[in-house]
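What follows is each chain in one-letter form.
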Amino acid sequence: MIIFAVLSGFGLAFLAPAICRWAKERSGWWLAILPFALTLYFFSLLPGLAEGEVQSLALAWSKELGLTFSFRADGLSLAFALLVGGVGALVAVYAGGYFGTKAPVERFYFWLFFFMASMLGVVLADNVILLFVFWELTSLSSFMLIGFEHDRNEARTAAIQALLVTASGGLVMLAGFVLLAQIGGSWELSSLVLRGENVRANPLYLAVLFLILIGAFTKSAQFPFHFWLPNAMQAPTPVSTYLHAATMVKAGVYLLARLYPVLGGTPIWLWAVGGVGAATMVLGGALALSQTDMKRLLAYSTISALGSLVMAIGIGSETALKAMVLFLLAHGLYKGTLFLVTGSVDHESGTRDVRHLGGLRRAMPYTATGSTLAALSMAGVPLFLGFVAKEYLYEAAYKVGALWITLVFLGALLNVLIAFRVGVAPFWLPAPAESGLPKRPHEAPWSMVVGPLVLGALSLILGVFPQVLGSVLVAPALSAAAGERLEVKLAAWHGVNEIFLLSLLTLGLGIGLFAIRNDVQRIAARLALPWGLDTLYQRTLDGLFALASLQTRVLQHGYLRYYLITIIVAVVGITAGGLFRWGGGSLPHLSLDLRFYELGIAIIIVLAGGVAVLSRSRLGAVAALGVAGYGVASIYLLFGAPDLAMTQFLIESLTVVLFVLAFYHLPNFAQLTPKRERMRDVVIALITGGLMTTFVFVAGGIQIHPSISQFFVENSLPLAHGRNIVNVILVDFRGLDTLGEITVLGIAGIGVFALLKLRMDQHPAKGGRPAQAGTKGGKE
Amino acid sequence: MTSLILRTMVRLLLPLLLMFSVFLLLRGHNEPGGGFVGGLMAATGFALVSIAFGSTTARQVLRIDPLFLIGVGLLLALSSGLVTLWLNQPFLTGIWYKLSLGTFGKLELGTPLLFDIGVYLTVWGVTLTIIFALEEVG
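Taken in order, these protein sequences are the chains called F and L. Note that the first sequence covers residues 1 to 780 in this note's numbering. Note that the second sequence covers residues 781 to 918 in this note's numbering.
Treat the hints with care, as some may be off.
[As the list claims (entries may be wrong)] A few chain F residues that don't get close to chain L, going by computed Cβ distances all over 12 Å:
| no. | residue |
| --- | --- |
| 1 | Ala37 |
| 2 | Gln55 |
| 3 | Leu206 |
| 4 | Thr292 |
| 5 | Tyr366 |
| 6 | Pro382 |
| 7 | Thr406 |
| 8 | His442 |
| 9 | Ser503 |
| 10 | Ala548 |
| 11 | Leu592 |
| 12 | Val606 |
| 13 | Leu607 |
| 14 | Val632 |
[Stated by the list, open to error] Which stretches of chain F does chain L cover? Using the computed rule of at least three CB atoms under 8 Å from a CB of chain L, they are:
| no. | segment |
| --- | --- |
| 15 | 640-647 |
| 16 | 657-668 |
| 17 | 722-732 |
| 18 | 746-757 |
These aren't lab readings, by the way, just hints derived from the structure by calculation. A virtual CB, placed ideally from N, CA and C, is assigned to each residue, including glycine.
With the hints as extra help, turn the sequences into a complete structure.
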């Protein structure tokens, strides 16, 4: 069943355009059915988990390489899957109202559900390579969605930045996965989890750890890779809600939690993961201080929240992991709401600048309700889920040391400020007198109100009754992350202790900061550095482009003759090197036991070669080459390779036809090259020919690997039901190679077609011979 | 090229070449032949039509855009490998089905044949795409 959860998402993606055309403005509601059903399905798996039933499934992919399509839904996977499905359904509904029918909404829904399915794949995959594939698919869909408004330069730049950072991080992670599988002895996460001690004791542990951390940190926008996330706010708001707040950016968190039993618990883990997380948590909050755009404010607070999650995994105690799972859900709920609210405010009032917004409570009562609930949860007001999560986070940090609790305090404080600036101020405070809004605000359509209300209400309900979450969801998720079965009893109220007082202090100080928010913002804007990692990224990219254009100018000069010389000399050089290494120059004994007709064919081939070189007409040269080719084909025939001979005959014939067609477009034959250049060509040709001949002689005597011809001969009929071994190798034993080859062939054909058609469009005049290409390209 | 001899011969040769190309394709698994050489043979037939009557006529006789042949060929080859996923076998595993034809003996059909047809169509399409394009330039 699990595989269908993923596949149906991809199916929906491909059906979405058709559904949009059919359902028109109601498409959001229709499209939300599947994500909603998936959410219910994931819920239905939860009770089984408490009794230890884990859904899993494995299909063969390539056994030899250790690849399987294996999926597994344990507590941790389901916690994320519920978030992906649930928020996905609400965002689908919301986007229906947000885009209406005017935008290219079909394309939007396609990539949205493509993302949803890939993200479900990430959290449900058991095979690390499969996980990687889905991981990069989420990066790809994120790229397409950030650049959704592709006519805007900023959107394109941000999309490329996000892709470069997350996808290259993913590639580094792949290297980590391969190493991990080598030392752990399995490609399946479920088996790796049981072999954590072997992995941690291995000398390669550090390499594995850092490679995988880079993947997780780039994806989850951890310092120093955090800069892509605020720029990704160029995406339409439903995308920011779904990908860049609730789900995709948490893939890194998921991975770290998933691998905690394998890699975690060491001192280096605490400092590398916990330290980076804590730094990101504070930095995200601090960078938000100078911002005034609601979306960017939320983006920085998301960075900060992701930092807290990563820090909790870094600490890795039972309390910390409990805090991680709770905070994950709390953040998904409140941040999702606030992003949706931001979209609605932007949509209905025309601006997202917190300095201009105010008093929207009367115009947008429902949106205001959802927003307020979420903001209170984010600020950590008691009775909200955010409060419960923050209590646990404080408790976890409290047990590690004073430094950690100070950092958590700072991060929480800054988030209180952001929560009030984004979630409360635009609705409850009077509008600044001097500024008028671009639009006269009114309540958003019903479809755009459902999401914020549902998510906001959940923040409150789950906060009052966290025990519901505790046994059903948190316990299985925690058990999966910790690698042992744990019981969880959550309570909304822990009594008055140091931690509760600290929570109150955070809230109080945060509200104090909020009261002087404008001064804080001004001071922060003055203190903000004029450059950052974003600038460094841009410089690096510029440098790369400069290098690329430099090497293009040097290597891609556009002269066919020099390209040929480069290719030939390179091949000859490499082959000569190989010959020295393997052959040592020992020629095998040559038997000159030739039949007279064999000798005849040989002489014909050599003569035809001479004619081809000396001929003063192109047609003559090509015909001579054809003769040489036919001669070679006859030799194949004589030595018992009829397949090869037949193909060679046909290729020779068709080549002549192609040459004749191409000659028609070339200028008349003339000798333009000076003698010196022709001598150089002669030398190159002789060396190449001589070397290839030696190579053929020597290669016959070198056996690096044991020959597999015997295997083919013996197994062609019993295994592949064919007597023609050549063809059996092509279509069965080496089918994958052939598939690759015909794909290349197809691309080459399309390439030739495109190049020639393109030229035809540039030279519409019939019979006109493009002089430029003729004189520059030809050697004659 | 308006040569009467060529035109008359091409009229006769085209069906023969096409039949021979299919023959080569089908016998390929047991005797010399196969999708690659079959595809080349089929392309040769239309190359001749193209030389004798021009590419417009050749396209009309072919009816299908050679680019389309490339796509269908690649898709066939790929899907012959994907069939296996339903049977929980690795990608591109050959799957065989023995068909009993009574007095005519038995016929073995398998996904490699589908694959070879894919190769045939791709080679045919690529060769003709290039030949037609070259002929239509200028």
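Tested hints:
1. Listed as outside the interface, Ala37 (chain F) is consistent with that label: its C-beta sits roughly 24 Å from the nearest C-beta of chain L, beyond the 12 Å cut-off.
2. Taking the minimum C-beta to C-beta distance to chain L, about 18 Å, the non-interface status of Gln55 (chain F) holds against the 12 Å cut.
3. For Leu206 (chain F), the requirement that its beta carbon stay farther than 12 Å from each beta carbon of chain L is met, with the minimum near 35 Å.
4. The Cβ of Thr292 (chain F) lies farther than 12 Å from every Cβ of chain L, with a closest approach of about 52 Å, so its non-interface assignment holds.
5. With 12 Å as the threshold on Cβ separation, the claim that Tyr366 (chain F) sits away from chain L holds: the shortest Cβ distance comes to roughly 47 Å.
6. Interface exclusion of Pro382 (chain F) from chain L stands, the closest Cβ pair being 53 Å apart, more than 12 Å.
7. With a cut of 12 Å on Cβ distances, Thr406 (chain F) stays outside the contact zone with chain L, its closest approach being about 54 Å.
8. Every CB of chain L lies more than 12 Å from the CB of His442 (chain F), the least distance being 51 Å, so the non-interface label holds.
9. No beta-carbon of chain L comes within 12 Å of the beta-carbon of Ser503 (chain F); the shortest separation is about 53 Å.
10. The beta carbon of Ala548 (chain F) is kept farther than 12 Å from every beta carbon of chain L, the shortest such distance being approximately 30 Å.
11. The beta carbon of Leu592 (chain F) sits about 30 Å from the closest Cβ of chain L, which is more than 12 Å, so the claim that it is off the interface holds.
12. Against chain L, the non-interface label of Val606 (chain F) holds: every CB pair exceeds 12 Å, the least being about 27 Å.
13. With a cut of 12 Å on Cβ distances, Leu607 (chain F) stays outside the contact zone with chain L, its closest approach being about 27 Å.
14. Against chain L, the non-interface label of Val632 (chain F) holds: every CB pair exceeds 12 Å, the least being about 16 Å.
15. Under a criterion of three residues with beta carbons nearer than 8 Å to beta carbons of chain L, the stated coverage of the segment 640-647 of chain F is upheld, 4 such residues being counted.
16. Residue count for the segment 657-668 of chain F with a Cβ under 8 Å from a Cβ of chain L: 6. That meets the three needed, and the coverage hint holds.
17. Closer than 8 Å: that is the beta-carbon criterion, and the segment 722-732 of chain F has 9 residues meeting it against chain L, so the requirement of 3 holds.
18. Requiring three or more residues with a Cβ within less than 8 Å of a Cβ of chain L, the coverage given for the segment 746-757 of chain F holds, as 8 such residues are present.
Violated hints for the displayed structure: none, as all numbered hints are satisfied.
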